[in-house]
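Visitor: Sequence:
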Amino acid sequence: MAQEKKRILVVDDTMVDRIVLKSILEVDFTVLEADSGNRAFELITTRGEELDAILLDLSMPYINGFDVLQFMQEKEIRDIPVFVVTAEPTRDNVEKAFQYKVCDFIGKPFDREDIMSRLRSRLGIVPRFNLSKEDLLETIKYISDLEKLYKSYLTNFGKSDANYKARSDLMRIMLNTYSRSPRGERMDPDNIQLISKAAYFCDIGEMLIPESPSVEQQVASITRNREMEDKHAILGSNLIRLNRSKACEYFVEVCASMCLHHHERFDGKGYPYGIKGKNNSFYNQICRVLDELEEKRSKFYGDKAKPIKFIIQRLVDDDMGVAGKEVCDLLEECEPMIFSYYLSGGTRE
1 MAQEKKRILV VDDTMVDRIV LKSILEVDFT VLEADSGNRA FELITTRGEE
51 LDAILLDLSM PYINGFDVLQ FMQEKEIRDI PVFVVTAEPT RDNVEKAFQY
101 KVCDFIGKPF DREDIMSRLR SRLGIVPRFN LSKEDLLETI KYISDLEKLY
151 KSYLTNFGKS DANYKARSDL MRIMLNTYSR SPRGERMDPD NIQLISKAAY
201 FCDIGEMLIP ESPSVEQQVA SITRNREMED KHAILGSNLI RLNRSKACEY
251 FVEVCASMCL HHHERFDGKG YPYGIKGKNN SFYNQICRVL DELEEKRSKF
301 YGDKAKPIKF IIQRLVDDDM GVAGKEVCDL LEECEPMIFS YYLSGGTRE
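Numbering-wise, my numbering puts 225 at position 225 of the sequence shown, and it's gapless, one number per residue.
Please note that a few of the clues may not be correct.
With a Cα cut of at most 16 angstroms, we get these calculated EDC-like pairs of lysine to aspartate or glutamate [said to hold, decoys possible]:
no.	residue 1	residue 2
1	K101	D145
2	K148	D203
3	K246	D114
Across the chosen pairs, the derived CB separations fall in these ranges [said to hold, decoys possible]:
no.	residue 1	residue 2	range
4	K151	T45	48 to 58 angstroms
5	R91	E333	45 to 55 angstroms
6	A162	K5	47 to 57 angstroms
7	S23	S340	48 to 58 angstroms
8	D35	K141	24 to 34 angstroms
9	T46	L137	47 to 57 angstroms
10	P210	R128	32 to 42 angstroms
No lab work stands behind these hints, which were simulated from the structure alone. From the three backbone atoms N, C-alpha and C, an ideal C-beta is built for every residue, glycine too.
Required output: the full structure, derived from the provided sequences and hints.
Guide: As structure tokens, then:
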């Protein structure tokens, strides 16, 4: 499955900075440039639907970055994530920028790995799979250690990992099917293994949410608890990114993105960012639809293995609310295998 290059608009009046940013971005992105706030107005107005993100310098003469943010607010342009580029992230600038709901800050001098990591995470971009045997072994060991930690947490709080295991196994079934399909991309078995395992950890951020010790405290702090629940996606992504090993980079990028975006919806009504359409990766969309499938199956059937055709049909008939057509078509194609999986009590494909 080839990923289309996303379009990034770089807004900066300094030519050197634009050149440096373009050299960093152009391998993975199509880069548009604006050398002034006025030019940014023009491109956002005429080509806004093509833009996947904006890298915006705050310090520009005449029309500065805040003027651009104000323009986007007045035009009700809310679906283009903005990364503020600044050499001086003062408290006033940060607070003022966040009033416009910018998604992140990129500092000067530029750090290529940091910029690419932030953009990949926010835009749901999966890095290229190119692991050596040594990299793969180190990654598998990291996954094993992470799984032990997560299972220990779940056991301590009387929780089961059955749903997460099922999500991982079903991801594997769907990716194997997609890889064999004429419309799909041939995927290395190790690639499928790592992506499928990433789905197991999508809710790992819940480990970082304080458990309320009593019902009374839960009721008293229900608003705060709801806010923390909504943040578990961000917490989980940050936790995975603590591993900075170069060998584990592929899995970390895939897993952190899945943690962050598996509650997003194709119609833009998910969280934490309300990402819409294909700005969420194909794998994240599969994880999202499997999350819905498991929830609905448990609700209707409990632990019983019954035909799930009507549940899948309900997801598909959601008019691309949860996921895009490509994922929904794949889900329908996999329905017999998914039913067999549940019928066998969770035996892998």
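Visitor: Quick one: which hint numbers does this structure break? Sort them smallest to largest.
Guide: Of the numbered hints, 1, 6, 8 do not hold.
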